[in-house]
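Undergrad: With the sequences and hints as input, model every part of the structure.
In the order they appear, the protein sequences are chains Z, E and P.
When you number the first sequence by our numbering, it's gap-free, plus one each residue, and the end is 638.
When you number the second sequence by our numbering, it's gap-free, plus one each residue, and the end is 204.
When you number the third sequence by our numbering, it's gap-free, plus one each residue, and the end is 344.
Don't read these hints as lab results, they were simulated from the structure.
The C-beta atom is built at its ideal place from N, Cα and C for all residues, glycine as well.
Incorrect hints may appear among the rest.
Not the full set, but computed from the structure, chain P residues with beta-carbon under 8 Å of chain Z [what the hints assert, rightly or not]:
| no. | residue |
| --- | --- |
| 1 | Phe267 |
| 2 | Phe274 |
| 3 | Leu278 |
| 4 | Ala300 |
| 5 | Thr301 |
| 6 | Leu305 |
| 7 | Ile312 |
| 8 | Leu319 |
| 9 | Leu320 |
| 10 | Leu321 |
| 11 | Ile326 |
| 12 | Tyr331 |
Restricting the straight-line Cα-Cα distance to at most 20 Å, the calculated cross-link-like pairs of lysine to any residue (SDA-like) are [to be verified]:
| no. | chain 1 | residue 1 | chain 2 | residue 2 |
| --- | --- | --- | --- | --- |
| 13 | Z | Lys425 | E | Glu147 |
| 14 | P | Lys254 | P | Thr265 |
| 15 | Z | Lys148 | Z | Pro590 |
| 16 | P | Lys254 | E | Leu191 |
| 17 | Z | Lys425 | E | Leu191 |
| 18 | P | Lys254 | E | Asp185 |
| 19 | Z | Lys148 | Z | Ser240 |
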Amino acid sequence: MNGFLITHAPALLIMVPLIGAFVAPFVGRVSPKVRSAWIILIMTLTTLVALMLASDVFLHGTRIYVFGATSPGLTVPLDSGGIPIRIIFTIDAMSALMQVIAAVCGFAVLLYSISADRIHSGLESYYTLFLLMITGIMGMVSTGDFFNFFVFLEILSIASAGLIAYRIDGGLAVEAAIKYFVLSTIGAMAVLIAIGIYYGEYNALNIAMIASRMQFTLLDQVALVLIIAALAMKCGAVPLHFWTPDAYSMAPSSVTAMLVVASQASLYGLFRVVFTIYNLTLNAMTVGWIIIILGILSMVVGVTMAIPQKNVKRLMAYHAISQTGYMLLGVGVGLAVLGNQPLMESFGYIAMEGGIFHIINHAMYKGLLFLTAGAIFFRIGTYNLNRMGGLGHSMKYTMVFFIIGALAIAGIPPFNGYASKLMIYESVFAFNPVLAVIAMVVSILTLASFVKVFHSIFMGPRLPEFDTVQEAPMPMLVGMGILAAIVILFGLFPQAVVDTLIAPAAHALADQSGYIASVLGGA
Amino acid sequence: MTLVESLSTGTGFWNPLAWLIAVLVAAVIVYLIRQRGESGYKKGTTQTVPFISGNPEPEKEMVHVRASNLYWGYLDALKGYYNFIVPAHTGVLNDYVLWYLGTTAALFVVVVFI
Amino acid sequence: MFWNLPFIAVVALSLIGLATIVIKKNLIKIFLGITIFESAVNLFLISLGYRAGGIAPIFTSAPSTDMVLATPQALTLTSIVIGVATSALLLSFAVIIWKKYGTINTDEIRRLRE
Numbered sequence: 116m117n118g119f120l121i122t123h124a125p126a127l128l129i130m131v132p133l134i135g136a137f138v139a140p141f142v143g144r145v146s147p148k149v150r151s152a153w154i155i156l157i158m159t160l161t162t163l164v165a166l167m168l169a170s171d172v173f174l175h176g177t178r179i180y181v182f183g184a185t186s187p188g189l190t191v192p193l194d195s196g197g198i199p200i201r202i203i204f205t206i207d208a209m210s211a212l213m214q215v216i217a218a219v220c221g222f223a224v225l226l227y228s229i230s231a232d233r234i235h236s237g238l239e240s241y242y243t244l245f246l247l248m249i250t251g252i253m254g255m256v257s258t259g260d261f262f263n264f265f266v267f268l269e270i271l272s273i274a275s276a277g278l279i280a281y282r283i284d285g286g287l288a289v290e291a292a293i294k295y296f297v298l299s300t301i302g303a304m305a306v307l308i309a310i311g312i313y314y315g316e317y318n319a320l321n322i323a324m325i326a327s328r329m330q331f332t333l334l335d336q337v338a339l340v341l342i343i344a345a346l347a348m349k350c351g352a353v354p355l356h357f358w359t360p361d362a363y364s365m366a367p368s369s370v371t372a373m374l375v376v377a378s379q380a381s382l383y384g385l386f387r388v389v390f391t392i393y394n395l396t397l398n399a400m401t402v403g404w405i406i407i408i409l410g411i412l413s414m415v416v417g418v419t420m421a422i423p424q425k426n427v428k429r430l431m432a433y434h435a436i437s438q439t440g441y442m443l444l445g446v447g448v449g450l451a452v453l454g455n456q457p458l459m460e461s462f463g464y465i466a467m468e469g470g471i472f473h474i475i476n477h478a479m480y481k482g483l484l485f486l487t488a489g490a491i492f493f494r495i496g497t498y499n500l501n502r503m504g505g506l507g508h509s510m511k512y513t514m515v516f517f518i519i520g521a522l523a524i525a526g527i528p529p530f531n532g533y534a535s536k537l538m539i540y541e542s543v544f545a546f547n548p549v550l551a552v553i554a555m556v557v558s559i560l561t562l563a564s565f566v567k568v569f570h571s572i573f574m575g576p577r578l579p580e581f582d583t584v585q586e587a588p589m590p591m592l593v594g595m596g597i598l599a600a601i602v603i604l605f606g607l608f609p610q611a612v613v614d615t616l617i618a619p620a621a622h623a624l625a626d627q628s629g630y631i632a633s634v635l636g637g638a
Numbered sequence: 091m092t093l094v095e096s097l098s099t100g101t102g103f104w105n106p107l108a109w110l111i112a113v114l115v116a117a118v119i120v121y122l123i124r125q126r127g128e129s130g131y132k133k134g135t136t137q138t139v140p141f142i143s144g145n146p147e148p149e150k151e152m153v154h155v156r157a158s159n160l161y162w163g164y165l166d167a168l169k170g171y172y173n174f175i176v177p178a179h180t181g182v183l184n185d186y187v188l189w190y191l192g193t194t195a196a197l198f199v200v201v202v203f204i
Numbered sequence: 231m232f233w234n235l236p237f238i239a240v241v242a243l244s245l246i247g248l249a250t251i252v253i254k255k256n257l258i259k260i261f262l263g264i265t266i267f268e269s270a271v272n273l274f275l276i277s278l279g280y281r282a283g284g285i286a287p288i289f290t291s292a293p294s295t296d297m298v299l300a301t302p303q304a305l306t307l308t309s310i311v312i313g314v315a316t317s318a319l320l321l322s323f324a325v326i327i328w329k330k331y332g333t334i335n336t337d338e339i340r341r342l343r344e
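TA: Okay, here's the thing in structure tokens:
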């Protein structure tokens, strides 16, 4: 039984949330309590499957799952002429890491959402879309088939757009959703054109197959640009970030926390294409610097735009852009020295590990911060910083969680943001000192703007209009507590996390031939 | 034991547990020094009332500094930058799509011709 | 030359679609531009699947087992289905915007900015 579960875990990872999503409206007819139990059950199962699969991948190496084949390991059918025509899931250490992030975040956010969104109507479709979002993220990070990647990208976009617009809010949320959805549809079409180019050139849709035949012709360069631009837009890199503050600020807070994970999944796609499909065939210096410059722009513009904001979620959304810049910077430095083994050993791998470590850290503390913003909104009904004050008297636990998140995002020891930022600073300093200085200045500005948020929300005397405000309800606190505990644990034991999760992921990402060999067999 | 290992960052290392112990030791020292001080705090006297040169204490809402009053000097100093960057977020969908297409074109020029 | 005709049509349609999205201010027209762009991509995929003298992959009526691979057709079909979902969602957004804002001009749908 256990062997069966392990063997078919990649399929279950998609199947469980997908079935759960479409059964949820029917179960919800019985009573809201039954529906809550059902979605918690589904999410728990998904988390368990993801954790089980991830631990299997980290222990035994890359997992392959072929849909519709007589055996899950049969990648190349005998009569296909050596081309893997079936849909294949390829789960290496990097995919497994992203699955862990999505599963843990999704679980914490769902617990929070059960309590926070209880008061709204239309919850049947809300949780259907929520679980579809989980499906999309899981599919994007596990698939080894490029067209399949596009399909899951679109599932994710459509579900996210529906959720952003979910609380219509006098049309504001719908406006945000339109901006998000128009941009992401155009981006997804650009990805589809790139997929068409690959298919026309190499007669294959399988990522490993494309990678093994990659020539880096003019058409491949066009495809690379289309994919970089589209996925950089989906993860909110400046100057393609314009949808991010709108969508993040207008979506319900639980959805915003998931949108952060969704943007990390796009980031994963970007890294997967650059490292696995192209790897050494591309001009590593040029593309590396493109990603570094996107990262620097995101960091600087994101944080400077955040400081004058008056809406707390909009402010946090600009910080999300800024933190994405750190990941692009770290991994971009790794890409720029790819192929130069001495430099790779001295700081390239550390830079990549720092960038990837920052992905998981960011998902945790940013999710936590958005959830605290949601808890405050749940109690006082506004996101406007000018109308807040003195909430530290009545919402003590929320305040503690906010402090943990804010210190982590600003890179203050001993929280997890410090560990990953330190790795990025030191390795980037070895590559180019100016970049490291910019990264540190951005961290200082991040701290400055969170001091402002902390002061205006929690400090000051108890205001008369918030006399009756109470602490956030228990399930919300539990959801926030899970994320806060992870933030602290990752901060206290960074080397253990890097050794078990991050370093295998970074090496799997850089190792193109290993990825190809695991699908096509041989060398 | 991998849990207590330092994080190696290429050229340096970082050990949060050692840092925490150092902070705890420092906190204990601070506490001991503080213990030696004179306790002059008396509850319920005029000592605990805010002293504003004899003026009456303002209403609670008037004391709290609201968010948009913070960092006024910073924003004023960087006015030139903010006057450019803030209006760039126009909120018009067409502009956003144009930014996307323009960036794609710029990347295209860089990747294909360099 | 003649074989390139579908690809020229793809480029022309994409440019028409993208230009519509950038230039037109009416939400419905922008959505039409997206649909045109999607059609261009679908045409691109289906033209990739064309093989001169190939046999359509329909088992019952094929004269031999040497048929073209049906992958591009499958891709196009999937893409069309996704396109329908996209259009439906976008149009329903337009309906709500019209109800709440009383306009579908993108210059006036900019309450979220800066």
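Undergrad: Within a Cα-Cα threshold of 20 Å, do lysine 148 of chain Z and proline 590 of chain Z meet the stated pairing?
TA: holds, 14 Å
Undergrad: Keeping to a limit of 20 Å between CA atoms, is the pair of lysine 425 of chain Z and leucine 191 of chain E held or broken?
TA: violated, 30 Å
Undergrad: Given the proposed pairing of lysine 254 of chain P with threonine 265 of chain P, does the C-alpha separation stay at or below 20 Å?
TA: Holds, at about 14 Å.
Undergrad: Does threonine 301 of chain P pass the interface hint, meaning its C-beta sits closer than 8 Å to a C-beta of chain Z?
TA: holds, 7 Å
Undergrad: Under the criterion of a CB-CB separation shorter than 8 Å, is leucine 321 of chain P in contact with chain Z as hinted?
TA: violated, 11 Å
Undergrad: Does the CB of tyrosine 331 of chain P sit less than 8 Å away from some CB of chain Z?
TA: holds, 5 Å
Undergrad: If you take the shortest Cβ to Cβ gap from leucine 320 of chain P to chain Z, is it below 8 Å?
TA: holds, 6 Å
Undergrad: Starting from lysine 425 of chain Z, check that the Cα of glutamate 147 of chain E is at most 20 Å away, please.
TA: Not satisfied, since the Cα-Cα distance of roughly 28 Å exceeds 20 Å.
Undergrad: Quick check on isoleucine 326 of chain P please, does its C-beta sit within 8 Å of some C-beta on chain Z?
TA: holds, 5 Å
Undergrad: Does the interface hint hold: is phenylalanine 267 of chain P within less than 8 Å of chain Z, judged Cβ to Cβ?
TA: Hint on phenylalanine 267 of chain P: holds, closest Cβ of chain Z at ~6 Å, below 8 Å.
Undergrad: Against chain Z, is leucine 319 of chain P within 8 Å by beta-carbon distance?
TA: Check passed: Cβ of leucine 319 of chain P comes within 6 Å of chain Z, closer than 8 Å.
Undergrad: Against chain Z, run the beta carbon of leucine 305 of chain P and see if the smallest gap drops under 8 Å.
TA: holds, 6 Å
Of the numbered hints listed earlier, those contradicted by the structure are 4, 10, 13 and 17.
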